[in-house]
Structures are given as structure tokens and as C-alpha cells.
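Chains as they are written, first to last, in numbering that gives the first Met the number 0: chain A, 0 to 305; chain B, 0 to 346; chain C, 0 to 301.
Think of the hints as simulated: they come from the structure by calculation, not from any bench.
Any given hint could be a false lead.
[What the hints assert, rightly or not] Sample of chain C residues at the chain A side, in silico, Cβ under 8 Å:
#1 I119
#2 V123
#3 G124
#4 V149
#5 A152
#6 L154
#7 S157
#8 G233
#9 F236
#10 R256
#11 F260
#12 S267
#13 I268
#14 G271
[Stated by the list, open to error] Simulated coverage check for chain A against chain B, where a stretch passes if three residues somewhere in it have a Cβ under 8 Å from a Cβ of chain B:
#15 218–224
#16 251–265
#17 274–284
[Claimed, not checked] Which residues of chain A face chain C? A few of them, derived with a C-beta cut under 10 Å, are:
#18 L13
#19 V20
#20 I21
#21 V22
#22 V26
#23 L28
#24 T140
#25 F143
#26 I151
#27 A154
#28 N156
#29 G158
#30 G242
#31 Y246
C-beta atoms are modelled at their ideal positions from N, C-alpha and C, and glycine is treated no differently.
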Amino acid sequence: MKTFILRRIVQSILLFIGVVVIVFFLVRLSGDPASLMMPREASSAQVQAFRELMGFDRPVVVQLVDYVGAIFVGDFGESLRFQTHSLDLVIQRVPLTFTLATLAMGVAIVIGIPLGILGGMNAGKFSDLLARALGLGGQVTPEFWLALILIIVFAVNLGWFPSFGIDGPISYVLPAAALSVGAMGRLVRLTRSTVLEVVGSDYVRTARSKGLSGVEVAGRHIFRNTAIALVSVISVQYTYLLGGAVYIESIFALPGLGSLLDEAIRARDFPLVQTITLFIAGAAIALSLLADLLYAWLDPRIRLEN
Amino acid sequence: MITPITPRQTARAGELILDVVDLRVSFDSPDGMVHAVNGISFELRSGESLGVVGESGSGKSVTMMSLVGLLASPPASIDGGTAILRDGDTAIDLLAAGRSEIRRIRGGRVGFVFQDPLSALNPTMRVGEQIAESVRKHRGLEDDEAEAETIELLRAVGIADPERRYRSFPHEFSGGMRQRVMIAIAMAGDPPIVIFDEPTTALDVTVQAQIVELVKTRLKQERGTAIVWITHDLAVVAGIADRVAVMYGGTIVESGPVDEIYENPQHPYTRGLLEAIPSADSDGTTRLASIEGSPPDLLVEPNFCPFQPRCRHAFDRCIDERPLLREVGEEHLIACHFDIDRGEPAR
Amino acid sequence: MPAESESVEFGSRARGVRKALKLIVRDPAGLVGLVLVLALLIVAVFAPQLAPHDPLAQDLTNAKSPPAFSDGGSWEYPLGTDRLGRDVLSRIILGARVSVTVGFFGAAIAVALGMVMGLIAGFVGGRLDKALMSLVDLVLSIPYLIVVIVVAAVLGRSLFNVVMLFGVTASPLFARTTRGEVLRLREAGFVAAARSTGAKLPRILVRHIFPNLVGPLLTLATFEMSAMIFYEAGLSFLGLSVPPNIPSWGNMLDSGRRSLFTGLPWLSIFPGMAIALTGLSMNLLGDWLRDILDPRIRRARG
Numbered sequence: 000m001k002t003f004i005l006r007r008i009v010q011s012i013l014l015f016i017g018v019v020v021i022v023f024f025l026v027r028l029s030g031d032p033a034s035l036m037m038p039r040e041a042s043s044a045q046v047q048a049f050r051e052l053m054g055f056d057r058p059v060v061v062q063l064v065d066y067v068g069a070i071f072v073g074d075f076g077e078s079l080r081f082q083t084h085s086l087d088l089v090i091q092r093v094p095l096t097f098t099l100a101t102l103a104m105g106v107a108i109v110i111g112i113p114l115g116i117l118g119g120m121n122a123g124k125f126s127d128l129l130a131r132a133l134g135l136g137g138q139v140t141p142e143f144w145l146a147l148i149l150i151i152v153f154a155v156n157l158g159w160f161p162s163f164g165i166d167g168p169i170s171y172v173l174p175a176a177a178l179s180v181g182a183m184g185r186l187v188r189l190t191r192s193t194v195l196e197v198v199g200s201d202y203v204r205t206a207r208s209k210g211l212s213g214v215e216v217a218g219r220h221i222f223r224n225t226a227i228a229l230v231s232v233i234s235v236q237y238t239y240l241l242g243g244a245v246y247i248e249s250i251f252a253l254p255g256l257g258s259l260l261d262e263a264i265r266a267r268d269f270p271l272v273q274t275i276t277l278f279i280a281g282a283a284i285a286l287s288l289l290a291d292l293l294y295a296w297l298d299p300r301i302r303l304e305n
Numbered sequence: 000m001i002t003p004i005t006p007r008q009t010a011r012a013g014e015l016i017l018d019v020v021d022l023r024v025s026f027d028s029p030d031g032m033v034h035a036v037n038g039i040s041f042e043l044r045s046g047e048s049l050g051v052v053g054e055s056g057s058g059k060s061v062t063m064m065s066l067v068g069l070l071a072s073p074p075a076s077i078d079g080g081t082a083i084l085r086d087g088d089t090a091i092d093l094l095a096a097g098r099s100e101i102r103r104i105r106g107g108r109v110g111f112v113f114q115d116p117l118s119a120l121n122p123t124m125r126v127g128e129q130i131a132e133s134v135r136k137h138r139g140l141e142d143d144e145a146e147a148e149t150i151e152l153l154r155a156v157g158i159a160d161p162e163r164r165y166r167s168f169p170h171e172f173s174g175g176m177r178q179r180v181m182i183a184i185a186m187a188g189d190p191p192i193v194i195f196d197e198p199t200t201a202l203d204v205t206v207q208a209q210i211v212e213l214v215k216t217r218l219k220q221e222r223g224t225a226i227v228w229i230t231h232d233l234a235v236v237a238g239i240a241d242r243v244a245v246m247y248g249g250t251i252v253e254s255g256p257v258d259e260i261y262e263n264p265q266h267p268y269t270r271g272l273l274e275a276i277p278s279a280d281s282d283g284t285t286r287l288a289s290i291e292g293s294p295p296d297l298l299v300e301p302n303f304c305p306f307q308p309r310c311r312h313a314f315d316r317c318i319d320e321r322p323l324l325r326e327v328g329e330e331h332l333i334a335c336h337f338d339i340d341r342g343e344p345a346r
Numbered sequence: 000m001p002a003e004s005e006s007v008e009f010g011s012r013a014r015g016v017r018k019a020l021k022l023i024v025r026d027p028a029g030l031v032g033l034v035l036v037l038a039l040l041i042v043a044v045f046a047p048q049l050a051p052h053d054p055l056a057q058d059l060t061n062a063k064s065p066p067a068f069s070d071g072g073s074w075e076y077p078l079g080t081d082r083l084g085r086d087v088l089s090r091i092i093l094g095a096r097v098s099v100t101v102g103f104f105g106a107a108i109a110v111a112l113g114m115v116m117g118l119i120a121g122f123v124g125g126r127l128d129k130a131l132m133s134l135v136d137l138v139l140s141i142p143y144l145i146v147v148i149v150v151a152a153v154l155g156r157s158l159f160n161v162v163m164l165f166g167v168t169a170s171p172l173f174a175r176t177t178r179g180e181v182l183r184l185r186e187a188g189f190v191a192a193a194r195s196t197g198a199k200l201p202r203i204l205v206r207h208i209f210p211n212l213v214g215p216l217l218t219l220a221t222f223e224m225s226a227m228i229f230y231e232a233g234l235s236f237l238g239l240s241v242p243p244n245i246p247s248w249g250n251m252l253d254s255g256r257r258s259l260f261t262g263l264p265w266l267s268i269f270p271g272m273a274i275a276l277t278g279l280s281m282n283l284l285g286d287w288l289r290d291i292l293d294p295r296i297r298r299a300r301g
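In isolation and in its complexed conformation, chain A is listed as follows:
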């Protein structure tokens, strides 16, 4: 288990370095980062001055090494628009996005997993059909569309919830609801297929052959094995939520990382864009690492590997 932990951590660090390299090149995809970041009306002299200022005229390799080195010292560069350290801006916005994503994940879990279990345990019957329909419905509904619909119905017409800004915890209800739908749908489907697999497994058959009741089989054999498999599923869904937050925050005018990314892109503030991307990717990698470690601890086949 110890070697596994070590290996996984090293892998994550290498992965992050790889992501830094990718992010570095992403901004250079169209060729010239200077003209990308300058407004369209800028003259070529202004663009050249900018290029020299940012060091974009140096050889690419030099720029890359410089960039990676800076990241590891914690220097993520300055936002062009806000003229402050981009990392500071990012960190300021993190709590809101984190809260929103966690709330949405919570809703998705509380509704999605029981539905998926219901479907898996009653395969072929009406409750299964219902679960599958809801799962599919959740999956194909665009979050940004649902957000607009929710605003129209609950904010504009009924006036129960605010439609933008932060006005206390009530402001999180509609955003979290809209964000959770996709994850909920996927969770229903994935939970259902996991349960189906477990229910059809040989060891569940053995458990039944011992004369255990349905409840005993479910509680002692099905539940634990399903929960272990769901750990990675949930972590993957959380990273999806981090992406979906971009839409939701911008629609509801919530000051989080997602809306910051949207603003940064509109302002062509690519140093900030890079930092936000690195942060979110880093969070995704860390989450995946945590999920793997948790899984390794729960599954005795990995925990006791010598």
C-alpha cells in the first residue's frame, strides 16, 4: 500500500508538470501570444512592445523553462486586466466555486445514488424504467438552459429566489440545482450499472445460497462493494462540476472561478486564463489522487498488497 501511495503521488506531480506544459502551449496555439492578448485595435508597434515586455520574443524553450520554474516558486504571473497577482485573484474566488460545486454534488448524490440503486435492484421493472428515464433526462439537459428556465419560472415569475448575485444562502439554491442536473443524471446511470454488476456477481449468488435475506445480502454484500466502486465515479463527476460552474456562475452573476474565467476570456487576459486553468486542472488531479487513495484504503485487494 505504501508503494502504491508513493507511486500515485509521484504520478500526480508528473501529471501536473505535464499540464503546466500543455497550458503553456495552449496559449501559443494560434502562433503569436502577443497579438492574442492585445486588443484588436492595437498597432503593430504596440504589439511588439508588449511582446518584448512579456518576453515572448525569446526562444520557446527558454520561455517554457522560465514558466515552469516560476509556477513552482508560486509565481503565476500578473493578470493583465486587474494588474495584480493572478493567483491571488484565483484564491479569492475559490470558496464560492467550491461551495457551489459541493452543494451541487450533494444534491446529485442524495437524489442520484438512491435512484440508481432502486433501478439496479429492480432491473426491468417500472422503478428501473423510471430511474433510467430520469438519469437520461438529467444527462441530456444542458445546465445553462436549465439555469435560464429556473430563473424564468422561480425568479422572474414566482419571485421565490434571487436571479443573480449573493444575497445569503438562498442565492445558492437555483445555481446548485441547475448545476447538479447533469451530474445527477450520470450518477443515476453509473450507480445503476454498478449495482447491476454487483447483483449479478458470483459472490452475491453465494450470499443468497447461504439463505441470507434480501436485506442482509444488500446491506452486507451489495452496499459495500457498490460504495467502493462509486468513489472514483463521484470524484470524476466533481471535476465535471468544476467545468459546469463556468456557465452557472456567469448566468447567475456569482463571483466565483468560473465567472472569472469567462471574464478573463472576454478581456483576452490570458495570463489570468492560464492561472485559472492550472488551478482547476490541479484541483482535478488532486481530487483524482484523493479518490484513488481512498479506494485503495477501502479495497482490501489493494490495501494488503505486499
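Based on these hints, arrange chains B and C on the given structure of chain A.
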């Protein structure tokens, strides 16, 4: 310390404990209805070992699993028949029993040992706990006593250092040890019948022999347990069975005492099987005998002899009429229209 | 009994077709999906003919009219008009072109690229395989939406860019699937067996590898097409996909959002329904394809 033999109040040795009559099971599949079991009848007596031999698709596993309701109910359906289990003074039709009755019987009256012990054991639950589950359920023991009893069971099936091994997980064991654990699970409720479904197919030959020996000693001799041993391997059956039933296409085509079957097989299929066993003292130049043709199509309802397409003795009656079991010797039955010794259709 | 591995040879295709027909009867949802997807394709191809009005034509006298079934609306503009008097229905029809183009060509590129990568990784093996798969893992570790948004922002607004973007970023999934199939067939001995009869690599590819790839890749392509249409709508919504003069469902939703508080809800409702309906039908179709194209059938225990 070996658990003493419990004299069972349920039946004296030799008494009939399981009586299956005309069992029919079918499956609803995307290609149509599969007639897996077509009118099987057999008896099992207390303390006796019945070997059930057949190729895959012959219906042997389905038959046994349907007795305790272990088949997934769509797509499987039990279309007919009775399976009377005698339990002391009472008799129950397993196929008509209610859910709580079946649960009592599973593990308590009929134990099961499955083929692949790695997938048949819960990978995230300790081995001892998986055995103790059954001990608690059927023997009514509390946690400490159940644990002690489980440790004794582990010892009885030949697992060394059982106190430590109680807390092991299945993947920490070898294949043979895992199968011993499965046997301990089956023994946990002290049932009068244990059904083994191809228990040694996934193990290598030396381990196979050890398992057979274990079952013979601990279950058959010490506890007088009745055994049903399902296999496709005729050689293994000879080592453990008192009686043998040969299955083909969802029906029993021959049954009788083991010596009779081996020395005087009367059904063409049984003869084909026995001839196909390579001999240890052949010079390696003779061709392996095999049965021509391919397995039966179970989508068709068999109103004829299922073996007929592959049988060299087949004649018109075999296509028109399904042969029923008839006696050809002491307790020796075959389902065939042909008299193979005389080389002519039977009277 | 050890699990049986199967290779799909051309002969069993006929059986596959018969089974497909039987499965239509058993699974009507798949049929619904197929019909809807075909309808979508027809709408996209014949959009200019099908649209009742010119999607770009502005009719300010009829601007902001609601859909036909609410008061103030008329059947001339069945789904209403936007602030510039453009017919919503016609714009949705034309918007189908963007979605279908992105989905179809994006998936095609992803399949082609991914298949090549996967074949190379699977056959050559060794360090090249490890390198390619590490690259795949790397790309897949960044949340997809973020990658897509940033790249779209960098490349600039054009349909071509979006198609290429989705094609390239989705190819790792196809590479992985292809590589998996190749490895499975190698392990099951089909490749070695074919080689031992003297077959050369191209023949092995055609006779053994491709028939087994069609199923999984086609199924995956259907799901990926659905995902691409979904993500393209998201990009359009953020103003990062096609230029604003081309109507797409996503940018229609964006203008809908601007009219949220001015009482024009139909501008938001209908484009989103189009997206959801498209996703639904492609998912149903994908599920159905997965059922019929999977050659590994579990047999009833006997």
C-alpha cells in the same frame, strides 16, 4: 479438535430425502425460448453421493440451482415438476415453497459449492466473516460462539492456522484454499445435502484430488452428508459417486450405480463419453475417439430424443418419440429406444 | 468453463442484422432514437428549404412576438420572434446545421485520428505505446470543458476551428478503445493465428481487426457526437464558437439570456429543447447500437 459427527434426526442412511419429478425449466433469451431442462426426475438418498455428468449446456447446473431458487427469475422460469425435500417428519415441495422457507433451506438444508471460488467469494469481506454469516443464521449461535465454530470449520477443511486465517481476505488464498473456504461455508449450516457445481474445474489436478478426498472424508464419511457432484469430467466422478446420472440436452439419459455405468454403459452417449477418455497406457498413436456432431439446439422443444442427431444407432422412432427412462438392470435406467448390447431397437 | 473470446467474421454480420430487427421490437426506444436522429440529419441538410422564413431576415414590425399558442402570437411565426423580428423556428432549423456539422465531422476526425493512434499503440507496443497512452492520460486529466473553452478562445471564432478542436480532443477516447480491442484480439490469439497461416498485416487488419472495431467505435462515435453537440452549444453560449451572424442553438440561448428580464422566455425555451432532444435521441440510438453490436453475448448457464 474435530467437530463430532452430528447424528442427524432428519433421515436414517438410505432413506429418500430428495425426490425430483419431471422438472422443467426454460429461459427467455433474445433468440427465443431455451428449453434448458426437459422433464428431469431423480432421487437422492440420505448419505449417498450422486454424480451428475454432462457437457456444458446439458442442464445440470440449471437443474440444481432451480431447486433452491437461485436462478434469476426472469429470464428463467420453472415450467413444471415437483421437488420434494424430506425434512424429518415434514416434506416440502421446493419448487412451490415460499420465500422465507426457501431461505431457511438454503444453507440450512441444502448447501452449495460453486465453480470459481475467486469470484464466488466477496472480495471485500474477510473469509471468516463469510463463513460465520451462515453459522449465525442456521445454527443460531452468537458472535463469539460463531467465530469459534468457524475456526473449527476452517480447521476441518484443512486450512492451517485457522485463527489467523479467519481474518484473511479471499485474494490472500490460493485457489485450492479458497475452494476449501467455500466448502466450509456449505458445511456451516450442517445441511443434509450439499450440491457441488463443478467445484474442481478451475483447479489443477493435484489440488482436485485433495478436494475430492476432503469431501469424501469430512462430508460423506464423518457427517453422512448426501452429495450431488456436478461435473463434465467422468474421471473425477468415479472417485466420489455412489450413483451417476448422465445428462444430455436437458434430460437424464442414463442413471445407475457407478460401477454399472462404467462397466456396462447402455446409452450411446455414455458409451461415447467413456470411449473418449484417453487411456493412460495408450501408445500415443491411436486417434482420440470423439462423439461426432455438435451440441443440441435447445431452442427447439425436444419431442424427440435429443441425442438422435449424433447417434449412430438412431432410427425413425428416435425422431418421432422422446424416449422415457426404462430399466435395463438393477436400479440402472436409460432413456433410449435402442438396445445397444443386442444391436437392435429395444422391445 | 473459461470465457470464450470471439472474433466477428463477416459471416456473422447476417445474424447481426436479423438480431437487430428482433431488437427493434424489444427496444422501441432505440427505434425512436434512430428516427429522431435521421430527422435531425434531414433538417440539417435541407435547412434552407425547410425553414419557413429566412433565418437572418429581420422584421422589426413583428419583433418580440410570442409563440403561436400564446396570445399575441400567430402561426406565421410558430415559435415566436426575437428582438430583431427574426423567426425563432427558422433559426432553430438553421442552427441544426451547425450542430450536425460539428457532431458529424468532429466525430469523424476523432475516429480517424484515434483509430490510427490506437492501432499504432496496440501493434507496435513498447515505449511508443506507453508514450501515447501517457499523453492520452495527460489530456484526459484536465476537465474537458476548460480545455475546450480555452482552446476555442485562443483559436478564434470559426466553425472549422470548433470542428478541429472537438475532433482532436475527443480522439484520445477512440485511441484508447481501439488499442483495447487490438490488445484483446492479440491476447486471444487471433493475430498470432492469422500470422501463422501466412497472412500479412494489411489482411489481418481488414479481416480481423476492423470488423471488431466497427461495433465499439460506432457506438462511441454516437455518444461522442452527442457530447460534441452539447459542448458546442456551450461554447456558442459563451460566444466562443461560430461567428454571431450564424445562428446556433447555443448563441440563441445567449440572446435568450439577455432577454430574460424583458419577458421573452420563448427565446430561451426552444433552442434548449432542441439541444436536449438531440442529446436524448443520440443517447437512445447509442444505447441501442451498443446492444446490437456487442458480439460478446452471455449465454444462459447450462
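Chain A contact restraint for C:F236 - C-beta distance below 8 Å: Cβ of C:F236 sits 5 Å from chain A, so the hint holds.
A:I151 as chain C interface residue, shortest Cβ-Cβ below 10 Å: 5 Å, holds
Hinted contact A:A154 with chain C - closest CB pair below 10 Å: Hint on A:A154: holds, closest Cβ of chain C at ~9 Å, below 10 Å.
Per-residue hint verdict: A:F143, partner chain C, C-beta under 10 Å: 5 Å, holds
Minimum beta-carbon distance criterion (8 Å), C:L154 to chain A: Since the shortest Cβ distance to chain A is 6 Å, the answer is holds.
Hint check, C:S157 versus chain A [nearest Cβ-Cβ separation less than 8 Å]: 11 Å, violated
Restraint satisfaction for C:G124 [CB to CB of chain A, less than 8 Å]: Where the cut-off is 8 Å and the nearest Cβ of chain A is about 21 Å from C:G124, the hint is violated.
Verdict on chain B covering the stretch 274–284 of chain A, where coverage means 3 or more residues with a C-beta closer than 8 Å: violated (count 0)
Restraint satisfaction for C:V123 [CB to CB of chain A, less than 8 Å]: With a closest approach of 22 Å, the C:V123 hint is violated.
Residue hint A:V20, partner chain C, criterion CB-CB below 10 Å: Holds: closest Cβ of chain C sits about 9 Å from A:V20, inside 10 Å.
Chain C contact restraint for A:I21 - C-beta distance below 10 Å: Hint holds; A:I21 Cβ to chain C Cβ min 7 Å, cut 10 Å.
Status of the A:G242 interface restraint (C-beta, 10 Å, chain C): OK, holds: A:G242 within 10 Å of chain C, min 3 Å.
Violation of the numbered hints given earlier is confined to hints 1, 2, 3, 7, 16, 17 and 29; the remaining hints are satisfied by the structure.
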